[in-house]
Amino acid sequence: MSEHKLSLSRRRFLASAALGTASVATGTIAMPSILRAAGAPVKLGVLHPVTGALSYSGQQGRLGATMALEEINAAGGIKSLGGAKIDPMLGDAQSTPEGGTSEVEKMNAAGVSCIVGGYASSICLATTQAAARYDLPYVVDVGVADSIVTRGLKNTFRFGPGFGVIAKTALDNLVAINDGAGKPAKTVVIVHEDSLFGSGLAKLLNAQLPPKGFQVLDTIAHPTPTRDFNTIVLKIKAANPDLVIPANYYNEYVLLARTMLQQHVRPKAIYSILGGAASSYKFVKDFPDAAKYIMDCNHWFNPLSAKAQALKKQVEAKGQFFTYEVYLNYSCVGLIADALERAASADRAKVTAALAGSTWSGHIMPYGPTKFVNGQNQGAAPCNTQVQDNDIKVILPKEFANGKPIFPMPA
Amino acid sequence: MLSPSILVAAIVNGLLTGALYALVALGLTLIYGVLHIINFAHGALLTAAMFAAYFAYRWFGIDPYLAAVVLAPAFFVIGYALQRFIVGPTSHGDDRNMLLVTLGLAVVIENALLFVFRADTRTIDLSYALSGVDLGFAFLPLPRLIGFGVTFVVAFALWLILSATDIGHAIRAVAKEKLGAELVGIDVAHVYAVTFGLGTACVGIAACLLIPSYYVNPSAGNAFVLVAFTVVVLGGMGSVLGALIGGLAIGVVESFSSLFLGESLGQIGIFVLFIVVLLVRPNGLFGAQA
Chain U
1 MSEHKLSLSR
11 RRFLASAALG
21 TASVATGTIA
31 MPSILRAAGA
41 PVKLGVLHPV
51 TGALSYSGQQ
61 GRLGATMALE
71 EINAAGGIKS
81 LGGAKIDPML
91 GDAQSTPEGG
101 TSEVEKMNAA
111 GVSCIVGGYA
121 SSICLATTQA
131 AARYDLPYVV
141 DVGVADSIVT
151 RGLKNTFRFG
161 PGFGVIAKTA
171 LDNLVAINDG
181 AGKPAKTVVI
191 VHEDSLFGSG
201 LAKLLNAQLP
211 PKGFQVLDTI
221 AHPTPTRDFN
231 TIVLKIKAAN
241 PDLVIPANYY
251 NEYVLLARTM
261 LQQHVRPKAI
271 YSILGGAASS
281 YKFVKDFPDA
291 AKYIMDCNHW
301 FNPLSAKAQA
311 LKKQVEAKGQ
321 FFTYEVYLNY
331 SCVGLIADAL
341 ERAASADRAK
351 VTAALAGSTW
361 SGHIMPYGPT
371 KFVNGQNQGA
381 APCNTQVQDN
391 DIKVILPKEF
401 ANGKPIFPMP
411 A
Chain L
1 MLSPSILVAA
11 IVNGLLTGAL
21 YALVALGLTL
31 IYGVLHIINF
41 AHGALLTAAM
51 FAAYFAYRWF
61 GIDPYLAAVV
71 LAPAFFVIGY
81 ALQRFIVGPT
91 SHGDDRNMLL
101 VTLGLAVVIE
111 NALLFVFRAD
121 TRTIDLSYAL
131 SGVDLGFAFL
141 PLPRLIGFGV
151 TFVVAFALWL
161 ILSATDIGHA
171 IRAVAKEKLG
181 AELVGIDVAH
191 VYAVTFGLGT
201 ACVGIAACLL
211 IPSYYVNPSA
221 GNAFVLVAFT
231 VVVLGGMGSV
241 LGALIGGLAI
251 GVVESFSSLF
261 LGESLGQIGI
271 FVLFIVVLLV
281 RPNGLFGAQA
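Going down the list, the protein sequences come from chains U and L. If you read the first sequence in my numbering, its first letter stands for residue 1, the second for the next number, and so on. If you read the second sequence in my numbering, its first letter stands for residue 1, the second for the next number, and so on.
No wet-lab data here; the hints were simulated from the structure. Every residue gets a Cβ at the ideal spot worked out from N, C-alpha and C, and that includes glycine. Please note: incorrect hints may appear among the correct ones.
Label-pair ranges, simulated between beta-carbon atoms [what the hints assert, rightly or not]:
no.: 1; chain 1: U; residue 1: Gly52; chain 2: L; residue 2: His92; range: 30 to 36 Å
no.: 2; chain 1: L; residue 1: Leu279; chain 2: U; residue 2: Asp389; range: 55 to 61 Å
no.: 3; chain 1: L; residue 1: Asn97; chain 2: U; residue 2: Asn240; range: 55 to 61 Å
no.: 4; chain 1: L; residue 1: Ser219; chain 2: U; residue 2: Gly357; range: 41 to 47 Å
no.: 5; chain 1: L; residue 1: Leu145; chain 2: U; residue 2: Asp172; range: 42 to 48 Å
no.: 6; chain 1: U; residue 1: Lys307; chain 2: L; residue 2: Pro4; range: 28 to 34 Å
no.: 7; chain 1: L; residue 1: His92; chain 2: U; residue 2: Leu196; range: 45 to 51 Å
no.: 8; chain 1: U; residue 1: Gly52; chain 2: L; residue 2: Pro282; range: 36 to 42 Å
no.: 9; chain 1: L; residue 1: Phe271; chain 2: U; residue 2: Thr150; range: 39 to 45 Å
no.: 10; chain 1: U; residue 1: Leu196; chain 2: L; residue 2: Thr90; range: 39 to 45 Å
no.: 11; chain 1: L; residue 1: Val116; chain 2: U; residue 2: Thr150; range: 39 to 45 Å
no.: 12; chain 1: U; residue 1: His264; chain 2: L; residue 2: Phe271; range: 28 to 34 Å
no.: 13; chain 1: L; residue 1: Phe271; chain 2: U; residue 2: Leu196; range: 21 to 27 Å
no.: 14; chain 1: U; residue 1: Leu196; chain 2: L; residue 2: Arg96; range: 37 to 43 Å
With the rest of the complex left out, here is chain L (with noise of 0.2 Å):
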């Protein structure tokens, strides 16, 4: 019954999905390769960047995608303060702590944004939402299509600037040795900040990608962060390579499986990928270059 068309638009289906999956999980990897922690406020803070850019749209006619030029620095300050001032102080060193410091931070997120937005959903209609290339066989929306570009201009400038600055230097150095980069004159505080300010400003451009297709109410970014955590393990933590190709790869496996077992079994294929990953390459695709 499925014609050879179905699988091809299926496939490029999973591909424009799952880049977005690969730029959340962006952010997530990169806080964990060099704080070695899992920020569970990744999705709190994924949709608080798309409440900021649904109100710039609705409030100040700012389109999502001219949005995502202010809030990635935006989101990036935030991120700094967070890690300095709250996430830092309070974990007293003990990345232990740091993990449970980000879960009460996601709470707290959370319900700040349900009792000032309430519990409505709120979406945005582009003009342009509607536009893009027909392939005949799939049509590939104009919004999906950006959101596919963004994230591999996004990857790529965090590949520069871990390999190419004096900042990704020492990020890269604090990542392998923390003491060793202590002793060299490395302010690790500044590098742990500086680092969760990149993962917060991924969220930042991601939400403003997800923003035109999606929808935002107080736990919409949850969806999108249980799949990151998955893509993140896949490609192996803290490899900026591997949650680019992990996120493709869950989105053209989620796709699939979606087709040919339907949409509620479908969540069964990611994680049935996600096992064999783990039993067949326990570092994750690309865990080895952390």
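Next comes chain U alone, as it looks inside the complex (with noise of 0.2 Å):
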């Protein structure tokens, strides 16, 4: 026993070495946990790109994931295992599936009862698929891409919803909104970045805009990163279109608004799908004038909830921007603590069992009842946000919102 402990942790403390810093910091808060395996705790792979491209996401993502954890841990555990604590074990997916693929690995061999996590769809789609093979049940924090849930694995859930479901309710309820104004808006310009992402959603709106009455007039692809966005400005200026449907990153789009409210382009509306910045408090916060008024479906927590509102201010408490990753990771791990505690058991088998029939309410975001499908929570939705008043506000669906579309938004 001692020496299985000895050699996890020198392997560790090797591989720490040779990854830099950045890992050794990820190594010293795994260590803890393999050392304390000894009691009755029920162990949790927390999984995250916490460094490299998505560190960022990544870090977010771990500390709503970790925020609720303490949350459950200082309430007294999971009651029916005698009040067992949650005790974490954190991996870094290093912004990359194989780096995704190693973690889970690592936690099935340190006996794990689940993992929650991976963020990316490209990294959730590996890390679902390794964790498959050890029948070890794997929530799905954000990761969208629909084939996540399509596969026919056993072991994943998705709380969240998926691609297919965000732009549907995005494209029902941008013609919700412009029917509501009278319909002022015909002409559309998308501006999107050039891989799947911006790519995939460019074609999708192409295909479904003109049927419910919008016409395209230009779709304009760009890189990541791109350095200028005023050659771009000048040709939705010269389209002047009613919409501007922006498909891209969050420093992209900062810029393409900026470029925008710069060059004195204003559209009757900036729709965002999943944008990048559109329901950002960080942009809200650095530009509120280039995010006044902006559009998005997006995830999104339910506002009208006391529960989020007291999380959302605890987050900044910290200094940390309340971003979708975090309310996201809580609520996932919310919801393998309520699996546990009916599982009354750490086995993967009744673990899967028991996230399969959840019917988990309580929770913090603006979704129907808890159902899952082949592992796709049905109630799961996405929102309408706009900015309004230096600050983010659902305006759809009705029963959530705590604001009203502001449309055309005004000179």
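Fit the two chains together into the complex; they arrive one by one in their own frames, and the hints show the way.
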């Protein structure tokens, strides 16, 4: 037993030393969880890309998961297991699928009962599959690719909505908002980044918008990073569309919105689907003028939930923004804790069964009743948000709304 | 569909962006012209300077354009020290070693920045970022106009230093004939370090011009340095005038090809021009007068 412990921490130490300072931090955080393995606690793998290109999102995700764990443990742990604490084993996917799968191997060897996280679709696709080999239940935190839950993996669960549901909701809500204002918007320019996310979305929009009565005037692709958006904004200005739909990541989204403001290009609305910055408190704080009235269909928390607002305050007190990675991971850990409670066991098969039969309620998300079909929570749905009064308001669906759409946006 | 006014706007926009490319390229070309090494740490130093400009504004409320007055000498000292105490001694007189040392420096600087500042993107919002000159068909934002002007001032200053001061004469002598310069009593190690310092000072100024309209994260500088490499080769390695003209040309080509081919494909325009110039004038546009 002691030899086993020794070899694990030595291997971990060697790996950390080789991977440099950033992983050393991860190594030292993860090590105590192995040494503590002797007691009754339930082990939970918390897997995020905390280093590399996705490190910001990964660190936010880890924050949400650990805050939920601390809260659950402080409230007496899993009661059906005699108040067992949930013991996190933190892992770093290093922003790559391979990094993710090697962490799954380690977590499996360490005997975790369940894993939460992954963040990026590409990582989730790999890690869920790796976990499936060990019948290890896996709760995907973000990863919106629909293929994550359509491969028939019995161990994989996603509490949040997938891309198909988000895109459909976004288009339905766009029509609803436009109709509600007397159909002022007829023409669209799409600005998208040229990798899978942006191009895929642009293709979908080009197919779906014309039948709904919108004419797509131009579809402009750009690489990530793009240094300068002035030429793109010139093109938008020339096309003079009613709507601009950006599909890109945070930095480019902000640059585009700022350049549009600078060049006095003000369409009737800027409307995004999973927009990089559209529903980001950081963007609203840094550039309130550029962010004003931007609408987005994205993951969001239930603004009417007192628990959600309390959590938001807690996160902000730590000097962090309340981003979707935080509350999605917070919620996923809650879902797992509920499953453990009902399973009354740390056994993987029993936890999987409990997750599959989950009807968890009392969470902070604006979702319908929890019900898993093929691992996808059928209640999961995105929200439409709009930047109003230096804040982000939910404008649709109505039952969770704390604001009304302002459309077309005032000049 | 494209009206003439858009074409004019695209040219103006290209010139404004190109000036910033030129400024980054000025530092690079100077270092190449004298030390005959491609400074791979240029991008990382640019990023570091952008962080410096960012924190000067956030912590002390120093306007980025004012910060340039402080950052230029500060980065001159940093550049001088890097060359004098790290790049020079570790290369043991072999230029190829210098190249590898700068590559190593880039890795160290970038990762140190990542470790300290995480991967967050940081931006600043200046009160006058939205004001500027309205030409009717195009709006010229003040930060970009200032950037354009400062580039010319810096290029002129560099030209003045190189042609009218003792150290400038020494730099040119070392660039032309290192051994000969050493024989007539020029301290080559000092000249190398001064050149590296001047190149790094350019980066310090460029960072101050970039930060009002761009963002900074630990890899932000690289987006500009790749273009700057192209500018240096296009203009002629080691030529100040070449870097200036090359930068402006690249800016306009990029703007035009992005207008006609789209932003993704538009990057091709830069490299097509690059290859054509290399075929027709292998030394670059102004390569002869290094």
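Taking the hints in turn, this is what the structure says about them:
1. In this structure the supplied range 30 to 36 Å holds for U/Gly52 paired with L/His92, their Cβ-Cβ distance being about 35 Å.
2. The hinted range of 55 to 61 Å is satisfied by L/Leu279 and U/Asp389, whose Cβ atoms lie roughly 58 Å apart.
3. Distance hint check: the CB atoms of L/Asn97 and U/Asn240 are about 57 Å apart, consistent with the given range 55 to 61 Å.
4. Between L/Ser219 and U/Gly357 the CB atoms are about 45 Å apart, so this pair conforms to the stated range of 41 to 47 Å.
5. For the hinted restraint 42 to 48 Å between L/Leu145 and U/Asp172, the CB-CB distance of approximately 45 Å keeps it satisfied.
6. Range check, U/Lys307 to L/Pro4: Cβ separation about 59 Å, and the 28 to 34 Å hint is violated.
7. Between L/His92 and U/Leu196 the beta carbon distance is about 47 Å. The supplied range of 45 to 51 Å therefore holds.
8. U/Gly52 and L/Pro282 have their C-beta atoms about 39 Å apart, which keeps the hinted 36 to 42 Å range intact.
9. With their beta carbons about 40 Å apart, L/Phe271 and U/Thr150 fall inside the hinted range of 39 to 45 Å.
10. Distance hint check for U/Leu196 and L/Thr90: the Cβ-Cβ separation is about 42 Å, which falls inside the suggested range of 39 to 45 Å.
11. Between L/Val116 and U/Thr150 the beta carbons are some 42 Å apart, a value that agrees with the proposed interval 39 to 45 Å.
12. Separated by about 33 Å at the C-beta atoms, U/His264 and L/Phe271 satisfy the suggested range of 28 to 34 Å.
13. Checked against the given bound of 21 to 27 Å, the beta carbons of L/Phe271 and U/Leu196, roughly 24 Å apart, stay inside it.
14. In this structure the hint that U/Leu196 and L/Arg96 lie 37 to 43 Å apart at CB holds, the actual value being about 40 Å.
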